[in-house]
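Sequence lines, in order, name chains F and C. FYI, the numbering for the first sequence is 1393 to 1719, going by my numbering. FYI, the numbering for the second sequence is 1393 to 1719, going by my numbering.
These are computed hints drawn from the structure, not numbers from a lab. Each hint should be verified, as a subset may be incorrect.
For identical chains, the list gives no copy identity; a pair is met inside one copy or between any two copies.
As the list claims (entries may be wrong) - Using 16 angstroms as the maximum straight-line C-alpha spacing, the simulated EDC-like pairs for lysine to aspartate or glutamate come out as follows: (1) K1415 to E1488; (2) K1415 to E1696; (3) K1415 to E1482; (4) K1415 to D1491; (5) K1415 to E1689.
Source: prediction; values computed, not measured.
Number of protein chains: 2
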Amino acid sequence: MIVIGHGAGGRLTHELVERHFLKPLQNPALSAMLDSGCVGDLAMTTDAFVVTPRFFPGGDLGRLAVAGTVNDLVAVGAIPIGLCAAFILEEGLALEELDRLVASMAATAREAGVEVVAGDTKVVPRGACDGAFITTSGVGRLDPGFRPEPARIQTGDAVLVTGTLADHGVAVMACREGLRLGGELRSDVAPLRVLVDALRDADLEVHAMRDPTRGGAAQCLFELAQGAQRRVVLREQAIPVAAPVRAACELLGLDPLYVANEGKLMVVLPEAQAEQAVALLRAQPLGAHAAIIGQVEDGTPGCELITALGGRRSLRMASGELLPRIC
Amino acid sequence: MIVIGHGAGGRLTHELVERHFLKPLQNPALSAMLDSGCVGDLAMTTDAFVVTPRFFPGGDLGRLAVAGTVNDLVAVGAIPIGLCAAFILEEGLALEELDRLVASMAATAREAGVEVVAGDTKVVPRGACDGAFITTSGVGRLDPGFRPEPARIQTGDAVLVTGTLADHGVAVMACREGLRLGGELRSDVAPLRVLVDALRDADLEVHAMRDPTRGGAAQCLFELAQGAQRRVVLREQAIPVAAPVRAACELLGLDPLYVANEGKLMVVLPEAQAEQAVALLRAQPLGAHAAIIGQVEDGTPGCELITALGGRRSLRMASGELLPRIC
Chain F
1393 MIVIGHGAGG RLTHELVERH FLKPLQNPAL SAMLDSGCVG DLAMTTDAFV VTPRFFPGGD
1453 LGRLAVAGTV NDLVAVGAIP IGLCAAFILE EGLALEELDR LVASMAATAR EAGVEVVAGD
1513 TKVVPRGACD GAFITTSGVG RLDPGFRPEP ARIQTGDAVL VTGTLADHGV AVMACREGLR
1573 LGGELRSDVA PLRVLVDALR DADLEVHAMR DPTRGGAAQC LFELAQGAQR RVVLREQAIP
1633 VAAPVRAACE LLGLDPLYVA NEGKLMVVLP EAQAEQAVAL LRAQPLGAHA AIIGQVEDGT
1693 PGCELITALG GRRSLRMASG ELLPRIC
Chain C
1393 MIVIGHGAGG RLTHELVERH FLKPLQNPAL SAMLDSGCVG DLAMTTDAFV VTPRFFPGGD
1453 LGRLAVAGTV NDLVAVGAIP IGLCAAFILE EGLALEELDR LVASMAATAR EAGVEVVAGD
1513 TKVVPRGACD GAFITTSGVG RLDPGFRPEP ARIQTGDAVL VTGTLADHGV AVMACREGLR
1573 LGGELRSDVA PLRVLVDALR DADLEVHAMR DPTRGGAAQC LFELAQGAQR RVVLREQAIP
1633 VAAPVRAACE LLGLDPLYVA NEGKLMVVLP EAQAEQAVAL LRAQPLGAHA AIIGQVEDGT
1693 PGCELITALG GRRSLRMASG ELLPRIC
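This is chain F alone, in the form it adopts within the complex (with noise of 0.2 angstroms):
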């Protein structure tokens, strides 16, 4: 039966997308399980998003809608083509609603330098779905020269996140469940088209990228270790974790590396670049807090911290119920 941890990014998601996904529907594209589906030159992707609240501090249902789909693309180095918008509208729905979130696409969009090209609407009658969901899908042209995958994954490359984790999770949650806690909580869901060119454009030699969405960044490197077949070491301390974030995941019992970021992404390449990699993405506004955060090792696939007092502690594959409807 599907429960909600098969929708959170985790283990459950991972069993469930390798049984009945993979399995019978496999092909070579798919079974890569990058954030798109390269084919010729090509990527695709696609996301449902059904988060809730549809408006909290930092960005609401529209944006969260172009922006995931754009680092999808971006992150597998594609360059955006254009957008897929498909709509499901509760009955009841308020139009002024809709034109919030449409326009709110629109600008966001803009933004990433893409356009919606064609779209959908259904309907469904009260109580059938929640409000609305936004399917978004996107297609981009992928560079030769430029191809980032976990398989490129080298001993001794840096990892690198481009801004503070778990903004997100932690703005939508407490938007939804009306806490209020110390400082501002807003997420940083952004499209990350202008990070990942800053990157192309220097020439660096990018071995992987992948956005930490539903998971976290703990699942996103879990991905990228298991992709390289190699060992990441986080330092505790290089992690960047907003104050108020902090805060508030101490007081609600979150471990920041599990929760979801929209705005975010981590990022592999050669040490010797690393330095440089981080002035760049530092000089935009959207990665003004990047930062070093670690290493690949040789070893058994996994990833492991660094803490403050100098232990190792293992992370394990996120699992359970996280955060349901965080995207």
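Given chain F, put chain C in place with the hints provided.
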């Protein structure tokens, strides 16, 4: 406020799309309002499928999700490159049912000679969606020598349909409502690539194609007439409708011209090529009941019917509720 009719494919859908999507998202590919958005040499399309029940005579949600998207690609003359599928699943859905749906998608994709190269799964809590929704997107390569679009329609062109009308809508409705009607009612849901390939391979000069889904043949012909800025005149007696479907429509007060199809194409081409096209279509099982049903005339854009008694009746754009959740 969103009402059921906004998703029915008729006048209300048209107004919703014009005012609330085309305006804020404006760009040439979207505004062309073809079955797929065309960008450079690529066609892109997306459709959300929310049909209920998910299994019905002749098909299921999975087959519908693949066929619907393939048909939107081939209707603009594109050769499918790849599909993406995004699942929104309700907590509690049986995994056995998911497996049946995915197996059906895989089989239908094989039938259409295309693969599902990317996917996504979201799970929402019980009550937040009705069972399972699948959004399928597709990308195809446009053939510069075969680019049907309504603006190419000429006065005197013949209008063909590739088979009987209204099978899908009547079958789903009868199944949903538990109606025991005479004869076999089966959905026509099928990927129509083979039919379009037959026309292309014969170098026929196809001026326009469209698949008459929501809103039925009438809505589809209306859109062709608008795009052509001409009049489509149908001969009522030439329109193929299977006897049990005709009987069911009479009983239920439905006009088969307004009922959804999922395995048919309307084709407009020069009158001189019409007989050859019908012969080519009839040589395929999916086109066995292909027929010439009308022609294009000069005049106010619109659609009219020459009745069995020789009278002329203007068709109206579909409006109102029609059949919700038919696809």
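Against which earlier hints does the structure fall short, listed by number upward? Per hint list: 2, 3 and 5 violated.
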